[in-house]
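Q: Listed below, chain by chain, are the residues.
There are 2 protein chains.
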Amino acid sequence: MTLHSRISDPHTDFFTDNKSSDSVQIWSPQITSFIASQVAKHRPMVLVTSGGTIVPLENNTVRFLDNFSAGTRGACSAEHFIRNGYAVIFLHRQFSLLPYSRHYSHSTHCFLDFMDLDDDGHGGLQTVILGQYEEEMRSVLKDYKRAKQENLLLVVSFITVAEYLFLLRDIAQCMAPLGSNALLYLAAAVSDFHLPPEKMSVHKIQSQGGRCLTLHLEPVPKFLTRLVKHWAPQAMIVSFKLETEERLLIPKCRNALKRYGHQLVIGNLLDRRKNEVILVQQDSESWIRVKDGELEDKLVTEVIGRHKRWAVKMKSSI
Amino acid sequence: MTLHSRISDPHTDFFTDNKSSDSVQIWSPQITSFIASQVAKHRPMVLVTSGGTIVPLENNTVRFLDNFSAGTRGACSAEHFIRNGYAVIFLHRQFSLLPYSRHYSHSTHCFLDFMDLDDDGHGGLQTVILGQYEEEMRSVLKDYKRAKQENLLLVVSFITVAEYLFLLRDIAQCMAPLGSNALLYLAAAVSDFHLPPEKMSVHKIQSQGGRCLTLHLEPVPKFLTRLVKHWAPQAMIVSFKLETEERLLIPKCRNALKRYGHQLVIGNLLDRRKNEVILVQQDSESWIRVKDGELEDKLVTEVIGRHKRWAVKMKSSI
Numbered sequence: 001m002t003l004h005s006r007i008s009d010p011h012t013d014f015f016t017d018n019k020s021s022d023s024v025q026i027w028s029p030q031i032t033s034f035i036a037s038q039v040a041k042h043r044p045m046v047l048v049t050s051g052g053t054i055v056p057l058e059n060n061t062v063r064f065l066d067n068f069s070a071g072t073r074g075a076c077s078a079e080h081f082i083r084n085g086y087a088v089i090f091l092h093r094q095f096s097l098l099p100y101s102r103h104y105s106h107s108t109h110c111f112l113d114f115m116d117l118d119d120d121g122h123g124g125l126q127t128v129i130l131g132q133y134e135e136e137m138r139s140v141l142k143d144y145k146r147a148k149q150e151n152l153l154l155v156v157s158f159i160t161v162a163e164y165l166f167l168l169r170d171i172a173q174c175m176a177p178l179g180s181n182a183l184l185y186l187a188a189a190v191s192d193f194h195l196p197p198e199k200m201s202v203h204k205i206q207s208q209g210g211r212c213l214t215l216h217l218e219p220v221p222k223f224l225t226r227l228v229k230h231w232a233p234q235a236m237i238v239s240f241k242l243e244t245e246e247r248l249l250i251p252k253c254r255n256a257l258k259r260y261g262h263q264l265v266i267g268n269l270l271d272r273r274k275n276e277v278i279l280v281q282q283d284s285e286s287w288i289r290v291k292d293g294e295l296e297d298k299l300v301t302e303v304i305g306r307h308k309r310w311a312v313k314m315k316s317s318i
Numbered sequence: 001m002t003l004h005s006r007i008s009d010p011h012t013d014f015f016t017d018n019k020s021s022d023s024v025q026i027w028s029p030q031i032t033s034f035i036a037s038q039v040a041k042h043r044p045m046v047l048v049t050s051g052g053t054i055v056p057l058e059n060n061t062v063r064f065l066d067n068f069s070a071g072t073r074g075a076c077s078a079e080h081f082i083r084n085g086y087a088v089i090f091l092h093r094q095f096s097l098l099p100y101s102r103h104y105s106h107s108t109h110c111f112l113d114f115m116d117l118d119d120d121g122h123g124g125l126q127t128v129i130l131g132q133y134e135e136e137m138r139s140v141l142k143d144y145k146r147a148k149q150e151n152l153l154l155v156v157s158f159i160t161v162a163e164y165l166f167l168l169r170d171i172a173q174c175m176a177p178l179g180s181n182a183l184l185y186l187a188a189a190v191s192d193f194h195l196p197p198e199k200m201s202v203h204k205i206q207s208q209g210g211r212c213l214t215l216h217l218e219p220v221p222k223f224l225t226r227l228v229k230h231w232a233p234q235a236m237i238v239s240f241k242l243e244t245e246e247r248l249l250i251p252k253c254r255n256a257l258k259r260y261g262h263q264l265v266i267g268n269l270l271d272r273r274k275n276e277v278i279l280v281q282q283d284s285e286s287w288i289r290v291k292d293g294e295l296e297d298k299l300v301t302e303v304i305g306r307h308k309r310w311a312v313k314m315k316s317s318i
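The listed protein sequences correspond, in order, to chains C and B.
Going by my numbering, the first residue of the first sequence is number 1, and it counts up by one from there.
Going by my numbering, the first residue of the second sequence is number 1, and it counts up by one from there.
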């Protein structure tokens, strides 16, 4: 594996070179109407991005590069934002964890294990929730139904890194009129490298006779600059930084803040991500740590506090 | 993207170079006891593999290569095998679809949408299944409970291609004593290329200053040869071939049969995989096509028919 020092052409425009696919067209009407209805209710709004983005190696995609992320951080955070009065656009990788259903998703908590067949009182059987799980499931279901009924959650999905960036641009631009009431909480694991469309194989790459495969990947443009400066310049923007080496974590968070000029970087280490995160701002660094339970409860409360102060500051500076 | 013609050293032993991780050790006792209990009941047994295998690019894995597969074919087929009297070892990629829960998995059929809160008769609320979905859910739950109670399903998971191959070897060898009563139905999408451990980066690859990334991947050894000849030489072996180009499908299936000398290749095209498959054997080719409904119903019935004939032939040849 080698990193080449050829710097990619800064004038190359990702949004010109890549087709937007149909994603934006499909989702745009729902996004627009969801945002409009929140504005009418003066609700604060957050875009939560979640899950990994893929980089297809073929047009008819069989193989792809991916980034590790089950979507736990995002799905969990979205619930806490809703509980705290926010409307949430949840932009997630298809099939990654979703708010509410995440409690019973995946192999570890199969919802069928929480159910039983019981006498229906008419000589037949009916499906019931097992007594010991009823209370928790009722509480999750209640929150889920409230989010749906009060129109507090819009779920939007992407697969590729190109779809992600096009949708992010579209949503951020739609949210821009909310000014500082908008929060962007970018928890998705976005690929740093991609294969430009013209280099992609149309069909499945054939593995003939035990030959090796060499892939030349190009850097994905750093979209945060545009987001901060042009797409939603008044919104508070929170990015995430995942590292595996402790010594790199804080310097990388500081670099990101300096480079993009946004408001907050949340840093975490791969093997301790469920127990600690660091919040890095221009003039502060603070850790949030939990032993058990959901770190996102504390994290989202803290982020909301900072968002409120940001909004006050922005409004007073007009 | 380039394919190099350097042929990898055929003597390189994947199983020596790659650590088996802890997967085999963790799963082995369950696998052994599951197989023993089926043998005692003279049940036919199938190993169904399902989902894509990943190729990590780093030891502390943030980035990886993957193969497209939600695991629908495998999860669906496993149910049909159980319905037809087989015991199933379901070797699947972690978080890919599972038998039974697949009916309510992923974003499209969130099980919370099938539930409601109702008066519990004591002034409180209880969770109930909505009337219109009750019958189907009851039927899925019944089948799931039967599979568990009668010990017809063992669910084993892998993530990387190395874990997959080590588990496949272990399970196949454990199943070998079943002779021709064993069926191997290899629906997992196994990576053709991998990054040998010594070439892997220990930590997350850094994306410094917009540089390009070049990956040199080596071929994954064709494990089918060993499976057919050494691991489970009496078992009937069914492999899958996914292509995106129609003209390549049948020739590639024929090549695989010739190369590995196993019994059946099931070929399918990416964009029509839910509606048609072709069964290629030494002396026959036949399509199975459905307009709607589950293709796996017909497919599994057909495969079981061939497995029975195989077993009769093998037993009469002793």
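Think of the hints as simulated: they come from the structure by calculation, not from any bench.
Owing to the predicted nature of the structure, the values given are computational and were not obtained by experimental measurement.
For glycine and all other residues, C-beta sits at the position ideal for the given N, C-alpha and C.
Accuracy of the hints is not assured; some may be wrong.
Subject to a maximum C-alpha distance of 20 angstroms in a straight line, what follows is the list of computed EDC-like cross-link-like pairs (lysine to aspartate or glutamate) [stated by the list, open to error]:
#1 B:Lys-142 with C:Asp-283
#2 C:Lys-145 with B:Glu-58
#3 B:Lys-291 with B:Glu-276
#4 C:Lys-145 with B:Glu-134
#5 C:Lys-148 with B:Glu-294
#6 C:Lys-313 with C:Asp-283
#7 B:Lys-258 with B:Glu-285
#8 C:Lys-258 with C:Asp-283
#9 B:Lys-148 with C:Glu-302
#10 B:Lys-222 with B:Glu-246
#11 B:Lys-199 with B:Glu-218
#12 C:Lys-313 with C:Asp-297
#13 C:Lys-142 with B:Asp-119
#14 C:Lys-142 with B:Asp-116
#15 B:Lys-145 with C:Asp-116
#16 B:Lys-298 with B:Asp-143
#17 C:Lys-252 with B:Glu-58
#18 B:Lys-41 with B:Asp-13
#19 C:Lys-145 with B:Asp-292
#20 B:Lys-142 with C:Asp-120
#21 B:Lys-145 with C:Glu-302
#22 B:Lys-145 with C:Asp-118
#23 B:Lys-145 with C:Asp-119
#24 C:Lys-142 with B:Asp-118
#25 C:Lys-145 with B:Asp-119
#26 B:Lys-222 with B:Asp-17
#27 B:Lys-148 with C:Asp-118
#28 B:Lys-274 with B:Glu-285
#29 C:Lys-142 with B:Asp-120
#30 B:Lys-199 with B:Glu-302
#31 B:Lys-148 with C:Asp-113
#32 B:Lys-315 with B:Glu-285
#33 B:Lys-142 with C:Asp-119
#34 B:Lys-145 with C:Glu-134
#35 B:Lys-199 with C:Glu-245
#36 C:Lys-148 with B:Asp-118
#37 C:Lys-145 with B:Asp-116
For the chain B half of the interface with chain C, some residues (derived, Cβ under 8 angstroms), not all of them [what the hints assert, rightly or not]:
#38 Thr-61
#39 Phe-95
#40 Cys-110
Q: All the hints need checking, so say for each whether the structure fits it.
A: We went through each hint and held it up to the structure:
1. Taking the CA atoms of Lys-142 (chain B) and Asp-283 (chain C), the gap is near 59 angstroms; set against the 20 angstroms cutoff, the hint is violated.
2. Using a Cα cut-off of 20 angstroms, the hinted pair Lys-145 (chain C) and Glu-58 (chain B) is violated, with the two alpha carbons roughly 41 angstroms apart.
3. Straight-line distance between C-alpha atoms of Lys-291 (chain B) and Glu-276 (chain B) comes to about 9 angstroms, which keeps the hinted pair within the 20 angstroms bound.
4. Taken as a hint, the Lys-145 (chain C) and Glu-134 (chain B) pair is honoured in the structure, with Cα atoms around 19 angstroms apart against an allowance of 20 angstroms.
5. Between Lys-148 (chain C) and Glu-294 (chain B), the direct Cα distance comes to roughly 31 angstroms. Violation of the 20 angstroms bound is thereby established for this hinted pair.
6. Proposed proximity of Lys-313 (chain C) and Asp-283 (chain C) is supported: the alpha carbons are some 16 angstroms apart, at most 20 angstroms.
7. Taken as a hint, the Lys-258 (chain B) and Glu-285 (chain B) pair is honoured in the structure, with Cα atoms around 14 angstroms apart against an allowance of 20 angstroms.
8. Of the pairs offered as hints, the one joining Lys-258 (chain C) and Asp-283 (chain C) holds, with about 12 angstroms between alpha carbons and a cut-off of 20 angstroms not exceeded.
9. Proximity of Lys-148 (chain B) to Glu-302 (chain C) is assessed by CA-CA distance (about 44 angstroms); at most 20 angstroms being required, the pair is judged violated.
10. With a CA separation close to 23 angstroms, the supplied pair Lys-222 (chain B) and Glu-246 (chain B) exceeds the 20 angstroms bound.
11. At roughly 10 angstroms between alpha-carbon atoms, Lys-199 (chain B) and Glu-218 (chain B) fall within 20 angstroms of each other, so this suggested pair holds.
12. At roughly 25 angstroms between alpha-carbon atoms, Lys-313 (chain C) and Asp-297 (chain C) are farther apart than 20 angstroms, so this suggested pair is violated.
13. Note on Lys-142 (chain C) and Asp-119 (chain B): the hinted pairing holds, with a Cα-Cα distance of about 13 angstroms set against a maximum of 20 angstroms.
14. Restraint check for Lys-142 (chain C) and Asp-116 (chain B): satisfied, since their Cα atoms lie roughly 9 angstroms apart, inside the 20 angstroms limit.
15. At most 20 angstroms may separate the alpha-carbon atoms for a hinted pair to count; Lys-145 (chain B) and Asp-116 (chain C) meet this at roughly 9 angstroms.
16. The suggested pairing of Lys-298 (chain B) with Asp-143 (chain B) holds, with an alpha-carbon distance near 19 angstroms, which does not exceed 20 angstroms.
17. Between Lys-252 (chain C) and Glu-58 (chain B), the direct Cα distance comes to roughly 19 angstroms. Compliance with the 20 angstroms bound is thereby established for this hinted pair.
18. Straight-line distance between C-alpha atoms of Lys-41 (chain B) and Asp-13 (chain B) comes to about 37 angstroms, which puts the hinted pair past the 20 angstroms bound.
19. Between Lys-145 (chain C) and Asp-292 (chain B) the CA atoms are separated by roughly 32 angstroms; this puts the pair beyond 20 angstroms, and the hint is violated.
20. Distance check on the hinted pair: Lys-142 (chain B) and Asp-120 (chain C) sit about 15 angstroms apart at the alpha-carbon level, within 20 angstroms; holds.
21. About 44 angstroms separates the Cα atoms of Lys-145 (chain B) and Glu-302 (chain C), which puts this hinted pair outside 20 angstroms; it is violated.
22. Of the pairs offered as hints, the one joining Lys-145 (chain B) and Asp-118 (chain C) holds, with about 13 angstroms between alpha carbons and a cut-off of 20 angstroms not exceeded.
23. Under the criterion of a C-alpha separation no larger than 20 angstroms, the hint pairing Lys-145 (chain B) with Asp-119 (chain C) is consistent with the structure, at around 16 angstroms.
24. For a cut-off of 20 angstroms, the pair hint linking Lys-142 (chain C) to Asp-118 (chain B) stands: about 11 angstroms separates their Cα positions.
25. Restraint check: the Cα-Cα separation between Lys-145 (chain C) and Asp-119 (chain B) comes to about 16 angstroms, which is no more than 20 angstroms; the hinted pair holds.
26. Among the hinted pairs, Lys-222 (chain B) with Asp-17 (chain B) is consistent with the structure: their alpha-carbon atoms are about 15 angstroms apart, no more than 20 angstroms.
27. Distance check on the hinted pair: Lys-148 (chain B) and Asp-118 (chain C) sit about 17 angstroms apart at the alpha-carbon level, within 20 angstroms; holds.
28. Taking the CA atoms of Lys-274 (chain B) and Glu-285 (chain B), the gap is about 19 angstroms. The hint holds against a cut of 20 angstroms.
29. For a cut-off of 20 angstroms, the pair hint linking Lys-142 (chain C) to Asp-120 (chain B) stands: about 15 angstroms separates their Cα positions.
30. Using a Cα cut-off of 20 angstroms, the hinted pair Lys-199 (chain B) and Glu-302 (chain B) is violated, with the two alpha carbons roughly 44 angstroms apart.
31. Restraint check: the Cα-Cα separation between Lys-148 (chain B) and Asp-113 (chain C) comes to about 10 angstroms, which is no more than 20 angstroms; the hinted pair holds.
32. Proximity of Lys-315 (chain B) to Glu-285 (chain B) is assessed by CA-CA distance (about 25 angstroms); at most 20 angstroms being required, the pair is judged violated.
33. Our distance criterion of 20 angstroms between C-alpha atoms is met by Lys-142 (chain B) and Asp-119 (chain C), whose separation comes to about 13 angstroms.
34. With a CA separation close to 19 angstroms, the supplied pair Lys-145 (chain B) and Glu-134 (chain C) stays within the 20 angstroms bound.
35. Pair hint Lys-199 (chain B) plus Glu-245 (chain C) holds up; C-alpha atoms about 19 angstroms apart against a cutoff of 20 angstroms.
36. Restraint check for Lys-148 (chain C) and Asp-118 (chain B): the C-alpha separation of about 17 angstroms stays at or below 20 angstroms, so the hint holds.
37. Using a Cα cut-off of 20 angstroms, the hinted pair Lys-145 (chain C) and Asp-116 (chain B) holds, with the two alpha carbons roughly 9 angstroms apart.
38. Using the Cβ-Cβ criterion of 8 angstroms, the hint placing Thr-61 (chain B) at the interface with chain C is satisfied: the shortest such distance is roughly 6 angstroms.
39. For Phe-95 (chain B), the interface hint holds, the least distance from its beta-carbon to any beta-carbon of chain C being 5 angstroms, beneath 8 angstroms.
40. At a threshold of 8 angstroms, the smallest CB-CB gap from Cys-110 (chain B) to chain C is about 5 angstroms, leaving the interface hint in force.
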